[in-house]
Amino acid sequence: DSGVTQTPKHLITATGQRVTLRCSPRSGDLSVYWYQQSLDQGLQFLIQYYNGEERAKGNILERFSAQQFPDLHSELNLSSLELGDSALYFCASSVRDSAVGEQYFGPGTRLTVT
Amino acid sequence: AQSVTQLDSQVPVFEEAPVELRCNYSSSVSVYLFWYVQYPNQGLQLLLKYLSGSTLVKGINGFEAEFNKSQTSFHLRKPSVHISDTAEYFCAVTLNRDDKIIFGKGTRLHILP
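In the order they appear, the protein sequences are chains B and E. Residue numbers for the first sequence follow my numbering, beginning at 59 and rising by one. Residue numbers for the second sequence follow my numbering, beginning at 231 and rising by one.
Chain B with its partners taken away, still in its complex shape (with noise of 0.2 Å):
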């Protein structure tokens, strides 16, 4: 157990909709980092939030959005939704902001778009 919760575990959905995925990083990390798991992308980073503010952006789509509460728990933020934005979704965090510290990954959200 890493110490990093998400919700829902699981979340199906059809086109067009908008779901919101949500990360709880370990205790004392101030770092939440967005992942996108696919079979033809791979693990592809799509954003970073350091306590509170946005650090770090990636592959993300406009039609994605994310935010970092004064608790420091993260949300994804996902519209329009397209069959291809079916994936996994993992959190992970990290004490620091930098990139060459251990990174601690969530279970992830697994979602289906149908």
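Certain hints may be false.
[As the list claims (entries may be wrong)] Here are the simulated EDC-like cross-link-like pairs (lysine to aspartate or glutamate), alpha carbons at most 20 Å apart as the crow flies: (1) E:K335 <-> E:E250; (2) E:K288 <-> B:D155; (3) E:K279 <-> E:E246; (4) E:K299 <-> E:E245; (5) E:K279 <-> B:E160; (6) E:K335 <-> E:E246; (7) E:K288 <-> E:E318; (8) E:K299 <-> E:E318; (9) B:K115 <-> E:E246; (10) E:K288 <-> E:E246; (11) E:K279 <-> E:E294; (12) E:K335 <-> E:D315; (13) E:K279 <-> E:E250; (14) E:K279 <-> B:D98; (15) E:K335 <-> B:D98.
To be clear, the hints were calculated from the coordinates, so they are not data collected in a lab. Everything numeric in this text was worked out from a predicted model, so none of it was measured.
Position chain E against the provided structure of chain B, taking the given hints into account.
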């Protein structure tokens, strides 16, 4: 931009045999390198990382990796695998401490009895 290539998508190996999972990166500057492991139905876990210093890096669960700058490689090795090593292994790279990490496509390790 930096990239990571994991040459094998799947590697079958007999239990107690040695294994090497290959990883090559492309970058003309210094890099930081990582190996992560993903057990079935779980998130990723850091196995080891190379930041600087000794080119032979030891990680958890008996794994080690060797950084080879001339060959731009960071291959992962274990002298004797166990059935519990069945997992997907990801090589990753970043150029600097403030940049994002780029992951390879992963290598699925199958342990044969």
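Hint check results:
Restraint check for E:K335 and E:E250: the C-alpha separation of about 16 Å stays at or below 20 Å, so the hint holds. Pair hint E:K288 plus B:D155 does not hold up; C-alpha atoms about 24 Å apart against a cutoff of 20 Å. For the hint linking E:K279 to E:E246, the alpha-carbon distance of about 24 Å lies beyond 20 Å, and the restraint is violated. With a C-alpha separation of about 31 Å, the suggested pairing of E:K299 with E:E245 is violated against the 20 Å cut-off.
Our distance criterion of 20 Å between C-alpha atoms is met by E:K279 and B:E160, whose separation comes to about 9 Å. Between the alpha carbons of E:K335 and E:E246 the distance comes to roughly 26 Å, so the proposed pair goes past 20 Å and is violated. Taking the CA atoms of E:K288 and E:E318, the gap is near 19 Å; set against the 20 Å cutoff, the hint holds. Distance restraint check for E:K299 and E:E318: the Cα-Cα separation of roughly 25 Å exceeds the 20 Å cut-off, and the hinted pair is therefore not satisfied.
For the proposed pair B:K115 and E:E246, the alpha carbon gap of about 42 Å is over 20 Å, so the pair is violated. Distance check on the hinted pair: E:K288 and E:E246 sit about 19 Å apart at the alpha-carbon level, within 20 Å; holds. Restraint check for E:K279 and E:E294: the C-alpha separation of about 10 Å stays at or below 20 Å, so the hint holds. Distance check on the hinted pair: E:K335 and E:D315 sit about 18 Å apart at the alpha-carbon level, within 20 Å; holds.
Annotation: proposed proximity of E:K279 to E:E250 holds, straight-line Cα distance about 16 Å (limit 20 Å). Among the hinted pairs, E:K279 with B:D98 is inconsistent with the structure: their alpha-carbon atoms are about 26 Å apart, more than 20 Å. Restraint check for E:K335 and B:D98: satisfied, since their Cα atoms lie roughly 9 Å apart, inside the 20 Å limit.
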